[in-house]
Amino acid sequence: KQEVTQIPAALSVPEGENLVLNCSFTDSAIYNLQWFRQDPGKGLTSLLLIQSSQREQTSGRLNASLDKSSGRSTLYIAASQPGDSATYLCAGSIDYKLSFGAGTTVTVRA
Amino acid sequence: DGGITQSPKYLFRKEGQNVTLSCEQNLNHDAMYWYRQDPGQGLRLIYYSQIVNDFQKGDIAEGYSVSREKKESFPLTVTSAQKNPTAFYLCASSPGQGPYEQYFGPGTRLTVT
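Residue numbers (this note's numbering), protein chains in the order written: chain B, 2 to 111; chain S, 34 to 146.
Check before you lean on any hint, since a few could be wrong.
From chain S, some residues computed to sit far from chain B (all C-beta separations above 10 Å) [said to hold, decoys possible]: (1) N51; (2) S98; (3) S127; (4) P132; (5) G138.
20 Å max Cα-Cα, derived SDA-like pairs, lysine to any residue [unchecked claim]: (6) K90/S <-> E4/B; (7) K43/B <-> R142/S; (8) K43/B <-> E95/S; (9) K43/B <-> G96/S; (10) K98/B <-> V145/S; (11) K98/B <-> Y133/S; (12) K2/B <-> T27/B; (13) K98/B <-> H62/S; (14) K98/B <-> F121/S; (15) K98/B <-> T112/S; (16) K103/S <-> L60/S; (17) K104/S <-> A64/S; (18) K69/B <-> A80/B; (19) K104/S <-> E134/S; (20) K43/B <-> F88/S; (21) K98/B <-> K42/S; (22) K104/S <-> Q74/S; (23) K103/S <-> F121/S; (24) K98/B <-> N86/S; (25) K2/B <-> K42/S; (26) K103/S <-> Q74/S; (27) K2/B <-> Q39/S; (28) K98/B <-> F88/S; (29) K2/B <-> S100/S; (30) K69/B <-> P128/S; (31) K43/B <-> Q39/S; (32) K69/B <-> Q55/B; (33) K98/B <-> A64/S; (34) K2/B <-> S40/S; (35) K90/S <-> K42/S; (36) K69/B <-> L44/S; (37) K69/B <-> S100/S; (38) K98/B <-> S40/S; (39) K42/S <-> T112/S.
Since the hints were made in silico from the structure, they are not lab data.
Ideal Cβ positions, reconstructed from N, Cα and C, are used throughout, including at glycine.
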């Protein structure tokens with residue numbers, strides 16, 4: 002069974018600092034890795050999807066990398082803003098099912 | 034606008050009552066999923082369906098039931114057999130079988146007292 006871990010559980014940074022969020026998984030036979038954002042009491046918004054054949058994906062200030070051999074993915078958010086404050090979840094796909102980490106809650110201080 | 038709708042946003046029930054959560058999508062997706070989220074935990078898969086009239090149990094199916102009579106709809110019933118039903122329930126869909134991106138609805142918060 003795929004186990005997904007996100008450390009730290011919470012992170013607080015001043016505005017403008019770059020964010021680095023970590024995700025580790027146990028099964029390297031991963032089909033893809035998806036990063037989500039969740040605001041309090043809301044559903045999940047998909048940020049980036051990295052297929053198993055890819056090493057990274059970029060969208061605006063966001064960049065996500067995938068290293069299957071080490072079982073790690075990293076989400077980078079450049080020049081953080083207060084609006085980036087949210088919980089970020091990663092999920093690894095085996096077959097048709099996503100296994101989620103518990104998330105990292107980010108606070109960007111103005 | 035294409036998307037996934039879940040209703041209601043908040044639901045309150047007394048212990049011992051069954052309750053059905055609605056999930057509708059107009060994305061023309063074949064696959065649909067139900068997840069449960071508890072504080073401080075990742076999402077856990079309850080049931081999923083790859084095609085109409087077919088569905089499979091996820092990791093925590095006990096005390097739940099689903100149906101998939103229409104492509105657009107995948108309702109979840111929380112039965113009285115579910116020992117700890119209070120949680121945030123999220124519905125998702127994806128284009129079909131395979132490692133596709135999943136899209137999520139806004140969620141339903143169920144409180145059972």
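**Asked** CA of K2/B to CA of K42/S, is that 20 Å or under?
**Response** Judged against 20 Å, a Cα distance of about 32 Å means the pair is violated.
**Request:** Could you grab the alpha-carbon distance between K43/B and G96/S and see if it respects the 20 Å cut-off?
**Result:** Given pair K43/B, G96/S is violated - Cα atoms ~24 Å apart, limit 20 Å.
**Asked** CA of K103/S to CA of L60/S, is that 20 Å or under?
**Response** Roughly 13 Å between the alpha carbons, so the hint for K103/S and L60/S holds.
**Prompt:** For N51/S, is the shortest beta carbon distance to chain B beyond 10 Å?
**Reply:** holds (24 Å)
**Message:** Between the alpha carbons of K90/S and E4/B, is the straight-line distance 20 Å or under?
**Reply:** holds (19 Å)
**Message:** Next pair to validate is K43/B with Q39/S; report whether the Cα-Cα distance is within 20 Å.
**Reply:** Holds, because 11 Å separates the two Cα atoms, which is no more than 20 Å.
**Item:** K103/S paired with Q74/S [C-alpha distance capped at 20 Å]
**Value:** violated (31 Å)
**Prompt:** Can the restraint linking K103/S and F121/S be considered satisfied, given a maximum Cα separation of 20 Å?
**Reply:** Not OK: K103/S and F121/S at ~24 Å, beyond 20 Å, violated.
**Request:** Could you grab the alpha-carbon distance between K2/B and S100/S and see if it respects the 20 Å cut-off?
**Result:** violated (26 Å)
**Prompt:** Would the pair K69/B and P128/S pass a check requiring their Cα atoms to be no farther apart than 20 Å?
**Reply:** violated (24 Å)
**Prompt:** When you check the alpha-carbon spacing of K104/S and E134/S, does it fall within 20 Å?
**Reply:** holds (18 Å)
**Message:** Checking one constraint from the list: CA of K98/B to CA of H62/S, max 20 Å. Satisfied?
**Reply:** holds (15 Å)
Hint compliance for this structure: hints 3, 4, 5, 8, 9, 10, 15, 18, 20, 21, 22, 23, 25, 26, 27, 29, 30, 34, 35, 36, 37, 38 are broken, all remaining hints hold.
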